[in-house]
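Here are the chains, one letter per residue:
2 protein chains.
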Amino acid sequence: MAKQITPRDEDYSRWYIDIVKKAGLADNSAVRGCMVIKPYGYAIWEKMRDQLDLMFKETGHVNAYFPLFIPKSFLSREAEHVEGFAKECAVVTHHRLMNDPHGSGVVVDPDAKLEEELIVRPTSETIIWHTYKDWIQSYRDLPLLINQWANVVRWEMRTRPFLRTTEFLWQEGHTAHTTSQEAEEEAERMHEVYARFCEDFIAMPVIKGAKTDNEKFAGAIETYTIEALMQDGKALQAGTSHFLGQNFAKAFDVKFLNKENKEEHVWATSWGVTTRLIGALVMTHSDDEGLVLPPKLAPIQVVIVPIPKPGDEIDEQAERIRKGLSAKGITVKYDRDDTKRPGFKFAEYEMKGVPVRLAIGKRDLANGVIEVARRDTKEKTSIPLDQILEHVPQLLEEIQENLLQRTRAYRDDHITEVDSWEEFQSVLSDKGGFLSAHWDGTVATEKKIKELTKATIRCIPLDVKQESGKCIYTGEPSTRRVLFAKAY
Amino acid sequence: MAKQITPRDEDYSRWYIDIVKKAGLADNSAVRGCMVIKPYGYAIWEKMRDQLDLMFKETGHVNAYFPLFIPKSFLSREAEHVEGFAKECAVVTHHRLMNDPHGSGVVVDPDAKLEEELIVRPTSETIIWHTYKDWIQSYRDLPLLINQWANVVRWEMRTRPFLRTTEFLWQEGHTAHTTSQEAEEEAERMHEVYARFCEDFIAMPVIKGAKTDNEKFAGAIETYTIEALMQDGKALQAGTSHFLGQNFAKAFDVKFLNKENKEEHVWATSWGVTTRLIGALVMTHSDDEGLVLPPKLAPIQVVIVPIPKPGDEIDEQAERIRKGLSAKGITVKYDRDDTKRPGFKFAEYEMKGVPVRLAIGKRDLANGVIEVARRDTKEKTSIPLDQILEHVPQLLEEIQENLLQRTRAYRDDHITEVDSWEEFQSVLSDKGGFLSAHWDGTVATEKKIKELTKATIRCIPLDVKQESGKCIYTGEPSTRRVLFAKAY
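Read top to bottom, the protein sequences are chains X and A.
Residue 141 in the working numbering sits at position 105 of the first sequence, and the numbers go up by one each step.
Residue 344 in the working numbering sits at position 308 of the second sequence, and the numbers go up by one each step.
Okay, chain X solo, but in the shape it has when bound (with noise of 0.2 Å):
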């Protein structure tokens, strides 16, 4: 099976494709753009899901479900939300299909037109804050912490399984308060949180930073944003996170009495991450021989292959095995099918990045030990049975841990600091990563790199120092760098 998927170095592109259709991931569908997310995918985004809701809830945040459609005329009400999202809406504009008169099957019907055409979201700012300002009256319904997991609708022109599609699902949180410091607050936190997610989780190191006016969500005053970058050197925008300000407050005329019994806007925020961190996962940890799972969000943890194949001794050890490890929460796999081969099984289950293999044969149960096998380095090892209980657990921290640690190093060794075009040039197109550049500050700048170059700022990061110095493109004066690098 390995032999199946094109090697990084080769094709990247094909390489993830690769190994999104044959780990099982995804798959395409009728529809363009959109994808089926395949159960081993979708597995993944459960986990992802239930970690992410349990540090919502944990943040005091609730769920809730708002409508799929927004009326046209709502997106017009916040200027630039709608100059943002209008040009890749899906509309819906009938309400009954009827016989073709002229043919066989459905046609639409022109007696059903809509009164007012409908989108599919995009992202519910406007459905919600028309919501809200039913919710909020006085300082006493602040704040409204919320959040939703929902699919949404974009029209994307250029689409990739999780990384870009027509249809995607998310979260999207959306907060209310009475306060701009309290908001921004919210917003850092929710940047925080999903920064935190990503290292313990994924084991996938990010940038925080804000993001410049002309790359932040249309209608936010601020988006923070966290960065990622993968093994071909370019970035991925990985999650997002926004102080609204009073702008959906003031489109949908949201008010709030005061403790001194006074009027003033409500102060906002949302934030929100996508089943593209799934396509992150993968970018980031995975290798020529298929996919590579942080044991954190690995639906399978370990899997226990017979050698050469299942009988009641080995059965025997293997469903002792099994039920130690999940006692202490760990999900096992013991893989009794013999119509399939060990090697055959050894590569699918590599394929399906499984951190930790267990291979039982009877010579080694002669011998008392077992061979144990890691993904992440692909080290075999042989372990007294009696220990095995312990050292499995052991083993998935410090894979995880490995993970983190050998992708934080790529990462870092990925930050370069170029003073100069030539340079800005050079280490883009030969080494990538992230180009750590003074720049003028101006979005037409910002702009020209990107039309000659094709990297964009992905982000002031949050811990940058004052320091004064030239833009890389303009040569005027600068008092920070900022991150600049291709992008997903």
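You can take every hint at face value.
Because identical chains share one entry, a pair is satisfied inside a single copy or across any pair of copies.
Straight line, CA to CA, 30 Å or less: simulated BS3-like cross-link-like pairs of lysine-lysine: (1) K332 to K93; (2) K169 to K57; (3) K332 to K381; (4) K244 to K467; (5) K467 to K484; (6) K364 to K332; (7) K332 to K359; (8) K83 to K364; (9) K332 to K83; (10) K295 to K57; (11) K252 to K490; (12) K369 to K169; (13) K295 to K369; (14) K483 to K252; (15) K149 to K123; (16) K83 to K369; (17) K332 to K244; (18) K381 to K93; (19) K244 to K490; (20) K345 to K295; (21) K298 to K57; (22) K93 to K58; (23) K286 to K58; (24) K291 to K57.
For the record, the hints were derived by calculation from the structure and aren't laboratory data.
Based on the hints, put chain A in the right spot on chain X.
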């Protein structure tokens, strides 16, 4: 607060809407027929979903996700299916908006018309069976046991929160099998899972039966249903499980090579329950003071109210109890809010259906007791402080059981055997509930009875006994009774 609810015997429909609104379960939205599920209502849905998901996984199913959109032509592939759904479809015809050249706002961009219109899924058999064609080649690929949690849209003319909405949340299982028998067994198994969930978790007894040909799912060979009885004597279809035969396999050309290396069409089932279950829950247990929740699905199972307000001694006891009960897996809220009086809080938690309320007062503490009130019977008792951690879990179980018994007694009392047309009409209008009656087996009679009385055949009960009789309406011979009722 309680006064704000319309009493059941004054206006049952109004009573239902009042509870949904005032308990904070759902709100109307700006989109016709679509509701907003509020945090408290969504928390109930999360509990239902998590429990059902567990039961699906225990019966061998995995989750996946298929596209929201279905190409229009797919619907026409199965003749009965398109007949059943074409008249209530939301149709996407364009993928872009543009600035209105004649004014403000945005309009549909005529240049962005789709070549083929897309239907927002009313159910996913067509897109899923189109996908299964790629996934199924051999008997080794079967059975395929897949479920999806999703939103669907059916353009309903008359809507009511949870019971019938244009968009709703649901799960849809779609399975593929090598034999007719295996698929039938699967449809029956999930029918049974639904019935068990309703009884064990919603505390809502259901009658298991089969739908008549006239009432079955568009495209099914057999539809199994679970039918519950609401307090106004109307039936509510709470879930369905369909044996689809080879209809969809033939429509989408899905074949497999059997063990004898011969091609056969695949056998199918589908099954679903929706957010309608929340409406069923509300109408099954609630009273004129508000919502009554079965403990197993209550977002807050126990609330602790300080009398008359919080203070050191009370806080200490409340925290001790909260921790002790939490350690037993019980969800407890200690309401320290000192801006509201105890009486107000009592009414609020009654409205929200919290199963158990503990009132902690200084005088009671001095006597070493605590007041325990149960929501189902409104009984109050004084329980010694040192017994409270044992008492509350038992009480929650007792409440769960009591709700089931109470509802079952009501239901059993409302299944009436009727043997004449006069009796049929008078029982239907005076007592309501299920009417067990002979029927001649024709669609014509079924429709005529519906036209005359609004009663429909809810199901042919699975445990029906063979018995010769005469059709209640035509007097034609019949071999078994079926259950009629007016229904939601």
